[in-house]
Amino acid sequence: MYGFEALTFNIHGGYLEAIVRGYRSGLLTAADYNNLCQCETLDDIKMHLSATEYGSYLQNEPSPLHTTTIVEKCTLKLVDEYKHMLTQATEPLSTFLEYITYGHMIDNVVLIVTGTLHERDVQELLEKCHPLGMFDSIATLAVAQNMRELYRLVLVDTPLAPYFSECITSEDLDDMNIEIMRNTLYKAYLEDFYRFCQKLGGATAEIMSDLLAFEADRRAVNITINSIGTELTRDDRRKLYSNFGLLYPYGHEELAVCEDMDQVRGAMEKYPPYQSIFSKLSYGESQILDKAFYEEEVKRLCLAFEQQFHYGVFFAYMRLGEQEIRNLMWISECVAQNQKSRVHDSVVFIF
Amino acid sequence: MQISEDGNQSSNEIAGADHNILNLLDSMDNYLILVDSLSSSLRQGWLELASARYSMGASRVNSSLFDLKSHQLPNQDLDNAGTDTELPRFTLCKWTSSDEAKLEEDELLKNKSDNPPVQHQESEERKAEESGSPVTANNHAEKERFKSLSMFGTLVSPKLRATQSTFETALETLVEMSNLRASLLRAYDQVQKDRKTDE
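Line by line, the protein sequences are chains F and S. According to full-length UniProt numbering, the first sequence is numbered sequentially starting from 1. According to full-length UniProt numbering, the second sequence is numbered sequentially starting from 1.
FYI, nobody ran anything at the bench for these hints, they're computed from the structure. Built from N, CA and C at the ideal position, the CB exists for glycine as well. One thing to keep in mind: the hints can contain errors.
Some but not every residue of chain S turned toward chain F, in silico, with C-beta under 7 Å [claimed, not checked]: (1) Gly-45; (2) Ala-50; (3) Tyr-54; (4) Ser-59; (5) Ser-64; (6) Gly-153; (7) Thr-154; (8) Leu-155.
In silico DSS-like pairs for lysine-lysine, Cα to Cα no more than 25 Å straight-line [said to hold, decoys possible]: (9) F:Lys-291 <-> F:Lys-270; (10) F:Lys-280 <-> F:Lys-299; (11) S:Lys-147 <-> S:Lys-69; (12) F:Lys-291 <-> F:Lys-280; (13) F:Lys-280 <-> F:Lys-270; (14) F:Lys-280 <-> F:Lys-340; (15) F:Lys-239 <-> F:Lys-280; (16) F:Lys-239 <-> S:Lys-143; (17) S:Lys-147 <-> F:Lys-128; (18) F:Lys-340 <-> F:Lys-270; (19) F:Lys-128 <-> S:Lys-69; (20) S:Lys-147 <-> F:Lys-239.
Extracted from the complex, chain S is given alone in its bound form (with noise of 0.2 Å):
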């Protein structure tokens, strides 16, 4: 009887360090794609501003004209309820100022030991009402992107606007790239704990 607890305990445990292991090849892979998706990303997003720079002129669009200065990523540290809190999940919250952020963070560190994870979405639309303001969401996003790219004029290509898409994409990639390497690292300390335990 004992010899079967035993066995039964110890293929258990295999089957677990198999779990681990496959966790782990799972992250690899879906990371390394992610790092391809990104690369894509971004060698289209550089062709695309050399083609708004030929379709605009290089006076309209040149280097003088960036920022070249580092910024603060607004983003959320949402805390996913019910699972393992060590876990940090990032999500990009876009077309906020950093002051309008770190509001929303404040809100949602206020709320998070009462309330379930609040939608950036509901939180948006919630400012909206209570500003009394129709704007929704996907209207002010279409505003910022506007703005953002008011340094090289008002009347913009489209090959500009599409040059922007192809970034923010590049941008939603580098965030879901930060939440799989945490999980990616998290799977190989339990694949590394597992192999001391066998030892």
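Next comes chain F alone, as it looks inside the complex (with noise of 0.2 Å):
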């Protein structure tokens, strides 16, 4: 029942969340980004980070850094702190904490689908697979022609089986066909979750409900932008989309017709929520649309450890360690290439 959650939750989830409170704790300041975006040289990051939490990771990274190991190491650490909390938990929150997953699940399953169609090294792709994704079989992946043999011969077996009842066909995978393959997974992968945290009720429902329904509509803002000028059709588009959200149903039937951005900004104004995201963008401008939505994301993020006795504090965690990782990222690269002007252009300040 909701409201009494205080009676029970410390039971099975008290230490657990105390632990994802405590990792809460280690992310990155303000104070710390200040300091990564006046560093001169990748070593600097470094040196800098051996004062966080990513310390231990980096510490023994020769030089010189790249980018991409700054990002891998700092992944690893989220990795670690998964499979620790994932290890101590019980039902349902180890469902709950797998549920985090499928969504790395997949980019990983496309990722080797995409590459193998594109005649890559299966090996080189194995090893930009995001760790949370990985699973047994996934290097068999490289062997499909089709939907059907992908199902047959590696999904059946996963937590991604159930999604691919929506997108099974005969035929072959071409870049096109991959790309609604995707996304339609993404889409059955929400919802099912959207079902799951509504089933576990109370707080959890609750916060989850919202933060869910931000991912959907940010996906569908996200598709109706980059579908602009495409072969999609609209009721391609119109599908892809999931089936809940603040913009569920009408946001999404005046979303599918769009055709540049200004018609995407006069679908999204009308919702309150939205509306601030859009008021700063420029007429046309669609660049800084990733950064506001990212900053409104946080927002929530952050909102959700106001409240105890829930589990949306591990997904909150999660998401916040994924931003954290992506500031990471884009930091190393303007330091990288000499351009620290613009450092300031993506990195979202978590506190």
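Hints given; two lone chains; assemble the complex.
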């Protein structure tokens, strides 16, 4: 019953909630970012990060550093923390934590399939897969010629199997089919995660509904903007939008027919939470839309920690960790390319 | 009379040498401007690529998806009829496959002796008419642009398209630089020749 989680939550979830709140306190602050933004070289970044939770992961890396090395090691830290939480979790928290990784699993599947289609080395592709999305038979993906084989040979034994029912065809895998597959899988995953959280009920359902609805709406906007000028038809575009969220269903109807950025703005400004995002953009501009969405997401994720006794804090921490890694990637690229004047274009402060 | 003729001849030679030196300095100045422009385009391109990676995620934009193989640039060596035939002039055949570029080069070589140089766009339109397709050169270029980004997915961020456009500009600058370098070297040779003549 909502409101009475305080009676029972700590029996199974208390330890891990304390752990994740401890992890949260280790996230980089504005002062840390200011120091990092003033670094001249990647070794300076490594030196500054040595005083943070990332210190032990970067200390043995030899110079000269590369931006991908920094991102890999920082990701490794997040993965270790996740694995620690997963091994300590009981049901239903363990299932909840596993849901968080399905998005990465989808990305890895699409990376392998796309790379194989374009004749890239499978071993190199496997090295670039996100560690949170790895599963045992992932290398076998390179053998599949169409989605039916993809499902039958590999994915039937993975948690993504239920999401494949909407996109199994015998058509050969080509670029458009792969893109539709990616977005269809992600749509099915988000809807399934949403239903799961609703079933959990209580504060988890309330907080996760808001966070997942925002994710669904952001994906709808990104799909719309990225499909402008492509061969994707309006009907196909509409099919890729999730069946929940603030924009469902009327916002989706408007977004499906948008042909340029101004029409997208017109559709989105009818919704007050997104009006503030689009008000930051000039007409026709889409360059800083990503940053505006990330800022809004970070705000909502931080608010999740204001309430106790729910699973939303785990989801929020993982997402905040990913945002931190994005920030570090951007700062590293600006420093490596000697473009420090642009460093604040994309850094999203968490605290 | 002979002295004035000799005087006129030497002043013409000096004017010619000055003209060659000016040519050399102009060519060098233009070349340096293009070098600076190329550097700026490449810096912008790499940062835009990082921005696209930030936007789309590292799993969609990473080095394992890059080709990392050298490709022969489809280009044409158009003969400038009526000018110095020793000076090469390169133009870029954008968004044609190397087979198509070779075909067009063969056609151009065949027509070179009789007809003036055929413009790239005209040959594209003629090919489109012959094939019966209503596709214009611009549509073809747009399709090829989308196709070349397909390794990153079909629905890519506008930032990645901006990156592509920037690197395309850099490629055009490179071709301009190769043409300018040819004229720069020619101007330099001319100046060297004038110096030897003076000596």
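We went through each hint and held it up to the structure:
A least Cβ separation of about 10 Å between S:Gly-45 and chain F goes past the 7 Å threshold, and the interface hint is therefore violated. About 4 Å separates the beta-carbon of S:Ala-50 from the nearest beta-carbon of chain F, less than 7 Å, and the hint is met. This hint holds: S:Tyr-54 has a C-beta 5 Å from the nearest C-beta of chain F, less than the 7 Å allowed. Evaluation of the S:Ser-59 hint against chain F yields a held restraint, the C-beta minimum of about 4 Å falling below 7 Å.
Against a cut-off of 7 Å between C-beta atoms, the interface hint on S:Ser-64 holds, since the closest Cβ of chain F lies about 4 Å away. Restraint check, S:Gly-153 versus chain F: the minimum CB separation of about 5 Å is within 7 Å; hint holds. Hint status for S:Thr-154 relative to chain F: holds, with the closest Cβ pair at about 4 Å, below 7 Å. The interface hint given for S:Leu-155 holds, since its Cβ lies 4 Å from the closest Cβ of chain F, which is under the 7 Å cut-off.
About 20 Å separates the Cα atoms of F:Lys-291 and F:Lys-270, which keeps this hinted pair within 25 Å; it holds. The straight-line distance between the Cα atoms of F:Lys-280 and F:Lys-299 is roughly 16 Å, inside the 25 Å bound, and the hint therefore holds. Between S:Lys-147 and S:Lys-69, the direct Cα distance comes to roughly 17 Å. Compliance with the 25 Å bound is thereby established for this hinted pair. Using a Cα cut-off of 25 Å, the hinted pair F:Lys-291 and F:Lys-280 holds, with the two alpha carbons roughly 10 Å apart.
Between F:Lys-280 and F:Lys-270 the CA atoms are separated by roughly 15 Å; this keeps the pair inside 25 Å, and the hint holds. At roughly 23 Å between alpha-carbon atoms, F:Lys-280 and F:Lys-340 fall within 25 Å of each other, so this suggested pair holds. At roughly 29 Å between alpha-carbon atoms, F:Lys-239 and F:Lys-280 are farther apart than 25 Å, so this suggested pair is violated. Restraint check for F:Lys-239 and S:Lys-143: the C-alpha separation of about 24 Å stays at or below 25 Å, so the hint holds.
Simply put, S:Lys-147 and F:Lys-128 have alpha-carbon atoms about 23 Å apart, close enough for the 25 Å limit, and the pair holds. A C-alpha spacing of about 37 Å is found between F:Lys-340 and F:Lys-270, which places the hinted pair above 25 Å, so the restraint is violated. Under the criterion of a C-alpha separation no larger than 25 Å, the hint pairing F:Lys-128 with S:Lys-69 is consistent with the structure, at around 19 Å. Restraint check for S:Lys-147 and F:Lys-239: satisfied, since their Cα atoms lie roughly 23 Å apart, inside the 25 Å limit.
When each numbered hint is compared with the structure, violations occur for hints 1, 15 and 18.
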